[in-house]
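Q: Just so you know, the sequences run in chain order A and B.
Counting from 1 along the first sequence, just add 1178 to a position and that's the residue number in the numbering used here.
Counting from 1 along the second sequence, just add 1178 to a position and that's the residue number in the numbering used here.
Where hints are given, some of them may not hold.
Note that identical chains are pooled: a pair holds if it fits in a single copy or bridges any two copies.
[To be verified] Listed below are the simulated SDA-like cross-link pairs for lysine to any residue, each with C-alpha atoms no more than 20 angstroms apart in a straight line:
1. K1345 / E1236
2. K1345 / P1262
3. K1345 / R1325
4. K1345 / R1288
5. K1345 / A1414
6. K1345 / Y1290
It is worth saying that the hints were derived from the structure and are not from the lab.
2 protein chains.
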Amino acid sequence: MRVILTGAAGFLGSHLAERLLRDGHTVVGMDNLLTGARENVRLLQTYPAFQFVHHDVEDPWPDLGPVDAVLHFASPASPNPRSPLGYPNLPIRTMRANAWGTYHGLETARRYGARFLLASTSEVYGDPEVHPQPEDYWGHVNPVGERAVYDEAKRFAEAMTMAYHRKHGLDVRIVRIFNTYGPRMRMDDGRVIPNFIVQALRGEPLTIYGQGEQTRSFCYVDDLIEGIVRLFTLDAAPFPVNIGNPQEYTILALARLVNELTGNAGGLRFEPAMYTEGDPKRRRPDITRARNLLDWEPQVPLPAGLQRTIEDFRTRLARAAG
Amino acid sequence: MRVILTGAAGFLGSHLAERLLRDGHTVVGMDNLLTGARENVRLLQTYPAFQFVHHDVEDPWPDLGPVDAVLHFASPASPNPRSPLGYPNLPIRTMRANAWGTYHGLETARRYGARFLLASTSEVYGDPEVHPQPEDYWGHVNPVGERAVYDEAKRFAEAMTMAYHRKHGLDVRIVRIFNTYGPRMRMDDGRVIPNFIVQALRGEPLTIYGQGEQTRSFCYVDDLIEGIVRLFTLDAAPFPVNIGNPQEYTILALARLVNELTGNAGGLRFEPAMYTEGDPKRRRPDITRARNLLDWEPQVPLPAGLQRTIEDFRTRLARAAG
Chain A
1179 MRVILTGAAG
1189 FLGSHLAERL
1199 LRDGHTVVGM
1209 DNLLTGAREN
1219 VRLLQTYPAF
1229 QFVHHDVEDP
1239 WPDLGPVDAV
1249 LHFASPASPN
1259 PRSPLGYPNL
1269 PIRTMRANAW
1279 GTYHGLETAR
1289 RYGARFLLAS
1299 TSEVYGDPEV
1309 HPQPEDYWGH
1319 VNPVGERAVY
1329 DEAKRFAEAM
1339 TMAYHRKHGL
1349 DVRIVRIFNT
1359 YGPRMRMDDG
1369 RVIPNFIVQA
1379 LRGEPLTIYG
1389 QGEQTRSFCY
1399 VDDLIEGIVR
1409 LFTLDAAPFP
1419 VNIGNPQEYT
1429 ILALARLVNE
1439 LTGNAGGLRF
1449 EPAMYTEGDP
1459 KRRRPDITRA
1469 RNLLDWEPQV
1479 PLPAGLQRTI
1489 EDFRTRLARA
1499 AG
Chain B
1179 MRVILTGAAG
1189 FLGSHLAERL
1199 LRDGHTVVGM
1209 DNLLTGAREN
1219 VRLLQTYPAF
1229 QFVHHDVEDP
1239 WPDLGPVDAV
1249 LHFASPASPN
1259 PRSPLGYPNL
1269 PIRTMRANAW
1279 GTYHGLETAR
1289 RYGARFLLAS
1299 TSEVYGDPEV
1309 HPQPEDYWGH
1319 VNPVGERAVY
1329 DEAKRFAEAM
1339 TMAYHRKHGL
1349 DVRIVRIFNT
1359 YGPRMRMDDG
1369 RVIPNFIVQA
1379 LRGEPLTIYG
1389 QGEQTRSFCY
1399 VDDLIEGIVR
1409 LFTLDAAPFP
1419 VNIGNPQEYT
1429 ILALARLVNE
1439 LTGNAGGLRF
1449 EPAMYTEGDP
1459 KRRRPDITRA
1469 RNLLDWEPQV
1479 PLPAGLQRTI
1489 EDFRTRLARA
1499 AG
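The following block holds chain A by itself, in its conformation from the complex (with noise of 0.2 angstroms):
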């Protein structure tokens, strides 16, 4: 299979860009580069079927030649308001990059009667009053608060994707990814495993806000795109599939365990509890669906996927200190 995978350098993206290579498929990957990352375009470039186009998916995009399909994966994602890189920073390209990329995705796959995946989020559930929450759960966003440049795009993403599916009878998948971490993760996504791993690996203390009781679930990359792999190549499932681990922790589970894993003597540091806009509200999936549809559900176990992603983050962190 040929595909265009947009969002190539990112986190999820060029994980899945090399698992569908070593699945034998040749792989185009889209990315401007703006939030993905260069090194990650070169360990993909060691791929001899994957080639790289560096292009924004709000411009139109160049003709790539015919595909079998075509995955949108790129976004800003972080919701990290002190990084520039962050949503919040870039509300207008991420709308932009959601609503504009969708669009060009769905003209090519139509052009080429490709297969077209839109890489949602939970997002769509917003600040949810049902739990766990099933993909018929109509959510609950505020379309004119801060976080609506996003959660509202992946929602008018949804919209358009389903639109071609019905007006054109296009192929489409709908995947709804909840909480992931792993290698490759930005280290300033303003997410609670980066910010632990990056206190634990400096010898400083892991900051937990109120007493740490609020709980998160958080899959493993490979779980996730192991689950994304098997929507995309089963036939017929035009309706969005949750995937993410619905096992939760608690946040000071989660830190003891990181400086168990990392031998940090820092300890905690407890501070007054805050709303903090890059923490999302409590989400957990309903995964009932992903189970009967693809018998799929997480393999990895917290200790293990964070011991690995601790692997990255020091490797990483040794090669930035040269």
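Given the coordinates of chain A, assemble chain B onto it according to the supplied hints.
A: Here is chain B on its own, set in the frame of chain A:
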């Protein structure tokens, strides 16, 4: 003031254009005449301060020179699945009119330091679980449902409007328009008032689904335009404002009123209740914010508004009959 008004050939757009022209403003009316009417353009062209630009808001806009405001009203708006001009049959164009059109309008406003007003809709509330709907209700929309092409596109347009306000300090207004009726409404709009009036003027029985006990609220177009103009001219009101009529009528009472005002002896015909996609589910505006902020509330009672609408439909039907 010199303003760009998109959708100027449409039902609401043409009324707003005329009002702004009468108030002494210069109006550049943009429309692609997809769902708008050429006769509305001809009427507006009788005003020397009106300029028509035949252009699709989805495409990059020509530079129309310095303007003080951009008002974005262009979009297919009829939910009628049986009309080729209903948005269910124009899903991609509807999404692009709202996303691409809003973007081009915002960029134009930004270039000239102009005010931007977005015509949003009660459809952002979807199938509401709160009655009546205040502006801080986040809505209940299915992102992958049939109606999402309109509802999610308007939510996206709101989010993008707020993003330009937050990121670029743009002076913005968002009006959420509830059910409106009046002269120049499309006869094949698919909603209950045009359906009833057309049936009544043909001497046919008015079709009621179920017992007619379900309620609707209807705002006369002059009331709506007055509210929009007040919001538009007010200083500093970046948040959405509902404009609509909170008074509810049963479908049965509405049907009897139409038969009475038209002198239709055709009576009523009851058919089994069914979900008609074109008939929006129950929505009723909470207009507290409009009352407090704009000192506005609807003035035209339903019988008076219906009378004027019936006269307009009668004239147009006679003209169409030659």
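Q: Does each hint fit the structure? Answer for all of them.
A: Hint check:
no.: 1; hint: K1345 / E1236; result: between (23 angstroms within a copy, 19 angstroms between copies)
no.: 2; hint: K1345 / P1262; result: between (38 angstroms within a copy, 13 angstroms between copies)
no.: 3; hint: K1345 / R1325; result: between (30 angstroms within a copy, 13 angstroms between copies)
no.: 4; hint: K1345 / R1288; result: within (11 angstroms within a copy, 35 angstroms between copies)
no.: 5; hint: K1345 / A1414; result: within (16 angstroms within a copy, 41 angstroms between copies)
no.: 6; hint: K1345 / Y1290; result: within (16 angstroms within a copy, 38 angstroms between copies)
Checked against the numbered hints above, the structure breaks none of them.
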